[in-house]
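J.: Protein chains in written order, with the working numbering: chain A, 1 to 340; chain B, 341 to 663.
Treat the hints as calculated values from the structure; they're not laboratory data.
Note that this is a predicted model, so its numbers are computed, not measured.
Be careful, since some hints might not be right.
Covered, in the sense of this in silico footprint (three residues per stretch, anywhere, with C-beta under 8 Å from a C-beta of chain B), are these stretches of chain A [stated by the list, open to error]:
{"#": "1", "segment": "163-175"}
{"#": "2", "segment": "218-229"}
{"#": "3", "segment": "295-308"}
Counterexamples of contact, computed for chain A against chain B with all Cβ distances above 10 Å [as the list claims (entries may be wrong)]:
{"#": "4", "residue": "Thr97"}
{"#": "5", "residue": "Ser135"}
{"#": "6", "residue": "Tyr178"}
We put the beta carbon where it would ideally sit given N, CA and C, even for glycine.
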Amino acid sequence: MKKIILIIFIVLLTGCYDYRELNDIAIISGVGISKEDNEYKVIYEVINTEANKESSNDIKKYNVTGQDKELINAISKANEALAKKPYFEQIKVLLITKDVNILDISDYIFRNERINTNFYLVLCDDIEEIFDFTSVNEPNNSIAISNLIKKINYDKITNLFDFVVDNLIQGYDIYLPYITIDNELSLDSIGIYDNDTFIRYLNQEEYRIFKYLNKVKDIPIINNNNSIKIYNSKLNFDIKNNKVSIKYNSKGSINYLSNEYNLRDNNSYKEISKTFSDTLYQEVSNFINNLQKDNIDIFGITKLYNTKYYNDKLEFKDLKLEYDIKVDVDKAGTSFKEAK
Amino acid sequence: MISNRVQSILAFTLSRCLYFGLGISFIINKSNNISIITTLIGFILGYILLYFLTKKNFYNFFKTIPGKIIISILALYIVNYCAIAFNILSSNFYLVNTPSILIILPFFILIWYGVKCGLPTISRLSEILIIISITIITILLITFLPNININNFFPIILKENNFILSIISTTAFSTTPIIILLSLLKEYNSKSILKGYTFGCISIFLALISIIGIFGSNLANMYRYPEYKLLQQVTLFDFLENQENFFAVIWFIDLLMTALISSYAIKVATKDKFKYICIIFVLINYFFFTNNYQNSLFIYNNTNIILLIFLIISIFIKKQKTN
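This is chain A alone, in the form it adopts within the complex (with noise of 0.2 Å):
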């Protein structure tokens, strides 16, 4: 009897019936969903399984596709147009483009359960182009594109797909990683929406204070040919009677020194940390300013306002914003004296 159970329990607990084998799925690495013409346009980037890792010539990953005016249509097709069952849990990345409303898009991608949603949104131009891209750097382009994306710390929790939504529909704006292709996939920016409504990519200049708010390292800061770098950084939102306080302290070392300064001297270190919280100061607050006045607030602030003064409910534009900007150089690598 014992015999019996066992052989039971050995066919069905094992999860036989849903047996498939590694090479009879479809790895599902990135997903792109685009707009063209009112109509749907979904690729995947699949890992090719059969490939030979030790290979050059073989093909890594390959592309399909699937187009219509309703997204499921477009998922099915692109479902078909692959030979191998679909296996969604693996998704790195799915690339959008600017003219696709992230909350017509999640409601499917929420509720299938076969699709794991720990992934980052992406933006792009043409996600067929980043798509059929070859890197040097890494043959998959999902995964590519998701080392990028903890280079510039956006991996945390909070950015995941799931996370994003979530602020959208409780009406917060976010704020997106956009990827382009320069000789290599590179995060060239970030595209900001007003809610679900995409607004703009921030210019460089406004990327790279965002960079250092993101606590990203070895951003240099520049201030009459003198620089240094930032390598610990800290932004604090302290909400006190109805203002907001925005507390970046950062520690910096110097990158180079055009100026005489006697490093040697603990009152250079407060001289040079005082005119880098002066540059700083300026960056910052003319950065948020500027985001102030078109009412998006990417960091998030209005949330924590409305967490704390639940009754006001206020927009970004109204609240009262004050900065409070640190950078402490204490670093001045191997050399006391510049090298001029």
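Once you've looked at the hints, dock chain B against the given chain A.
T.: Below, chain B alone, put in the same frame as chain A:
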């Protein structure tokens, strides 16, 4: 007679079992981000209630005809819930293409075999499985705590009706299944039962803190299984991802142990008729619940009330005679 340690372990699993797919989702739905307050009050209320319940003689009550009927109905209800939850967990996240009957049948065979082996075997099994459970819970806590955002617990807005309902439901979910364990034991150690209950409640409380602290009440409310979604966020050492299928074993352990204890109670009450009840029950469970979403939704919406009725009945049971 089972040891004090096993009593604690069984109380631990029984106090947790109704939270997967039901308790956590239900409480968050009723009280949003103040769930952590309502559950805390609910657990304390449950502790006080359980303290008085452990003074009563459920074993003698279980020997009487009304006792057998009441405890058996409660046990059947909980086994039914366990089978539904087991099926949901398996069919939604593991065996998508497998028919439900092939999922619940091995579950019932396993329970039938466990019940046939008796309480000592169930106790030994619980001692083995608890090690896995505690190890996983510890790993999960270490992973979740750094991702908790304090702001997700605010603002605290109290809605009186839901606040009270949420407290009562928490008490019912965590306390009522333990009545089955009390009915099976001739002598039990109150301290061990209460210790197991306390640890069970703490683990659920921490799970709730993690869910609301990470997702926020809005997102947690959108998910049908927030506790499973939470497991999807586990990343160990920056490279071990997508381990949710492994970590979900803690819920399987709770469901299995609870189903075993409850089924054993049914066997004690029904004796020779147990096998017939088993067959009828599997058919009812399959055709009316696992294969019918509306009926399982009835379980989702009304379990708190049903358990509360059993809890109120248990309050009127006579006290244990002290020597």
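J.: So is Thr97/A really clear of chain B, every C-beta pair being over 10 Å apart?
T.: holds, 25 Å
J.: Test coverage of the segment 295-308 of chain A by chain B using CB-CB distances below 8 Å; three residues minimum.
T.: holds (count 4)
J.: Do three or more residues from the segment 163-175 of chain A put their C-beta atoms closer than 8 Å to C-beta atoms of chain B?
T.: With 4 residues closer than 8 Å to chain B, the segment 163-175 of chain A meets the three-residue bar; holds.
J.: According to the definition I'm using, a residue is off the interface if its beta carbon is farther than 10 Å from all beta carbons of the partner; does Tyr178/A meet that for chain B?
T.: Answer for Tyr178/A: holds, closest chain B Cβ roughly 25 Å.
J.: For the segment 218-229 of chain A, does the count of residues with a C-beta closer than 8 Å to a C-beta of chain B reach 3?
T.: violated (count 0)
J.: Run the C-beta distances from Ser135/A to all of chain B and say if the shortest one exceeds 10 Å.
T.: holds, 21 Å
The earlier numbered hint that this structure contradicts is number 2, and it is the only one.
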